[in-house]
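Peer 1: Chain order of the listed sequences is Z and C.
Residues 1 to 306 (this note's numbering) are what the first sequence spells out, left to right.
Residues 1 to 109 (this note's numbering) are what the second sequence spells out, left to right.
Calculated directly from the structure, the hints in this document are not laboratory data.
Hints are not guaranteed to be accurate.
[To be verified] Covered, in the sense of this in silico footprint (three residues per stretch, anywhere, with C-beta under 8 Å from a C-beta of chain C), are these stretches of chain Z:
hint, stretch
1, 163-174
2, 239-247
[Claimed, not checked] Chain C is nowhere near these chain Z residues, computed Cβ spacing over 10 Å in every case:
hint, residue
3, Gly68
4, Asp82
5, Val103
6, Lys158
7, Arg225
8, Arg256
9, Arg270
10, Asp273
This structure is a prediction, so every number in the text was calculated from the model and none was measured.
For each residue, glycine too, the CB sits at the ideal point set by N, CA and C.
Listed here are the chains, written in short residue letters.
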Amino acid sequence: MLRVEVDIFSGRPNPVWIITDADEVDELLGSIGRSRGAAAKPGAGFTGLGYREVRLSLIGDDEPRRKGVPGAFAIGSTAAADRKATREVARRVVDGMLAHRDVTLVQHEITPLDGRLQEFVREHLDGRLAKPYKHPRPPKAHPKNPLRTTVHDAKCQKCEYEVSQYNPGFWNVPAVQPYNNCYNYARNWRTDTFAQPGRAHGAQTGTMQCPNVTTAAMADGLKKRCNCLPASEWPRRLMALVVAPNWDYHWYREQRGGFWGHKPGSTAARNVDNNGALVVNPQTAARGPYTQFCGYFYAGKSVVIN
Amino acid sequence: MLVELDAFSGRPNPRWTLAETRAAALTRLISSLSPATGGASLRAPGLGYRGFRLQGPDGGTYRVYRGLLQSGNGLLADPDRRVERFLLEDLPDGVRDVRPWLEGEIAAT
Numbered sequence: 001m002l003r004v005e006v007d008i009f010s011g012r013p014n015p016v017w018i019i020t021d022a023d024e025v026d027e028l029l030g031s032i033g034r035s036r037g038a039a040a041k042p043g044a045g046f047t048g049l050g051y052r053e054v055r056l057s058l059i060g061d062d063e064p065r066r067k068g069v070p071g072a073f074a075i076g077s078t079a080a081a082d083r084k085a086t087r088e089v090a091r092r093v094v095d096g097m098l099a100h101r102d103v104t105l106v107q108h109e110i111t112p113l114d115g116r117l118q119e120f121v122r123e124h125l126d127g128r129l130a131k132p133y134k135h136p137r138p139p140k141a142h143p144k145n146p147l148r149t150t151v152h153d154a155k156c157q158k159c160e161y162e163v164s165q166y167n168p169g170f171w172n173v174p175a176v177q178p179y180n181n182c183y184n185y186a187r188n189w190r191t192d193t194f195a196q197p198g199r200a201h202g203a204q205t206g207t208m209q210c211p212n213v214t215t216a217a218m219a220d221g222l223k224k225r226c227n228c229l230p231a232s233e234w235p236r237r238l239m240a241l242v243v244a245p246n247w248d249y250h251w252y253r254e255q256r257g258g259f260w261g262h263k264p265g266s267t268a269a270r271n272v273d274n275n276g277a278l279v280v281n282p283q284t285a286a287r288g289p290y291t292q293f294c295g296y297f298y299a300g301k302s303v304v305i306n
Numbered sequence: 001m002l003v004e005l006d007a008f009s010g011r012p013n014p015r016w017t018l019a020e021t022r023a024a025a026l027t028r029l030i031s032s033l034s035p036a037t038g039g040a041s042l043r044a045p046g047l048g049y050r051g052f053r054l055q056g057p058d059g060g061t062y063r064v065y066r067g068l069l070q071s072g073n074g075l076l077a078d079p080d081r082r083v084e085r086f087l088l089e090d091l092p093d094g095v096r097d098v099r100p101w102l103e104g105e106i107a108a109t
């Protein structure tokens, strides 16, 4: 999935949306990779008041990467080598803004995605880059991702989910590690907000007990294990919740290879427990004060956290 | 001086500022510590109590965990855990209910 932010405002939140459709992300990144000169380093172009650039960033550590396309970059930027190409791809992304309103983000409370905003962005993007625009053809490519594998759930064979290649390097860098916690890691969504279960949907809890944290997380869209998710929810994660009663909660995510990854607070993402042993079962792993095991959950692509 | 209790995974770690007199007392306490010996290293587990982080007004940072205090490349010994016990006295309201558990962690060898 791809996070889009139009860097244009000063006081109110910038327009932000998430492209969840894998085909669309794949086609977009492919076209940027092919165009060479459309992408620029974020913040490298115009930095004054008004439209600045459109920032794109992958939100998970197992998103497919395109050769020549970094995990986070800017388009529609005056710093791009090819002004025409960068404007065209930025226009295309902005044209798709309204199709992505289904993923509700907290920024939308103050900056809702609507036709007026879209027109405002278009006008100012064109003003900054001033070149003709040609709408490209819709994407055709089928999604492929070598970093994910679909598996049948061992507990309930009728259900499927995806396991990802373990990729701690995505999280263990200064720009990411301090601002993302266990919930970010397990959901595989970098929000840079130290995401809390339920917060994106006004259902956050201060009671650190299994039922309360479970209810909060399910408000974000998590489903209890064996409540199968359809293929349209691809990629689907298997997460495990534990709590330190009255103290805190913690999440794990199953990885490809028969083990689990996790990220204790602002510390580094890892695949070992408190004894240094590979986490092959979060129920029996050494978990310090997180003594209560709450259960397993599926998180499909529609699960939004913040 | 800014203090962070590093012990949470899901919730943000609590942070607070020490009053000037308390900060001065803590600075004196740290100054009284001797270098650690015997290849000691400050390694905290992933889940649970991972110690305290301190940031002085001069920007200097410290990590304190289980009788050791790390400052830059230097490691000081605090075998009686006076620094951790000192910081326990200043826990903010929101986490005072976990003090008994923290006391157990700090008392553990």
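Peer 1: Are all C-beta atoms of chain C more than 10 Å from that of Z:Asp273?
Peer 2: The claim is violated: Z:Asp273 sits with its nearest Cβ about 7 Å from chain C, within 10 Å.
Peer 1: Establish whether the coverage given for the stretch 163-174 of chain Z by chain C is satisfied; the threshold is a Cβ-Cβ distance below 8 Å, and no fewer than three residues must meet it.
Peer 2: violated (count 0)
Peer 1: Over 10 Å to the closest beta carbon of chain C is the bar; see if Z:Arg270 clears it.
Peer 2: violated (6 Å)
Peer 1: Is the nearest Cβ of chain C still more than 10 Å from the Cβ of Z:Arg225?
Peer 2: Fine: 20 Å to the nearest Cβ keeps Z:Arg225 off the interface.
Peer 1: How about the stretch 239-247 of chain Z: do at least three of its residues have a C-beta closer than 8 Å to a C-beta of chain C?
Peer 2: Answer holds; 3 residues pass the 8 Å Cβ test.
Peer 1: Against chain C, does Z:Gly68 keep a CB gap of more than 10 Å to every residue?
Peer 2: holds (36 Å)
Peer 1: Closest CB-CB distance from Z:Lys158 to chain C, is it above 10 Å?
Peer 2: holds (31 Å)
Peer 1: Test the statement that Z:Val103 is away from the interface with chain C: the closest C-beta pair must be farther apart than 10 Å.
Peer 2: The claim stands: Z:Val103 keeps its Cβ more than 10 Å from every Cβ of chain C (closest is about 22 Å).
Peer 1: Could you check that no beta carbon of chain C comes within 10 Å of the beta carbon of Z:Asp82?
Peer 2: holds (42 Å)
Peer 1: Looking at Z:Arg256 again, its CB stays over 10 Å from all of chain C?
Peer 2: holds (21 Å)
In summary, the numbered hints that this structure violates are 1, 9 and 10.
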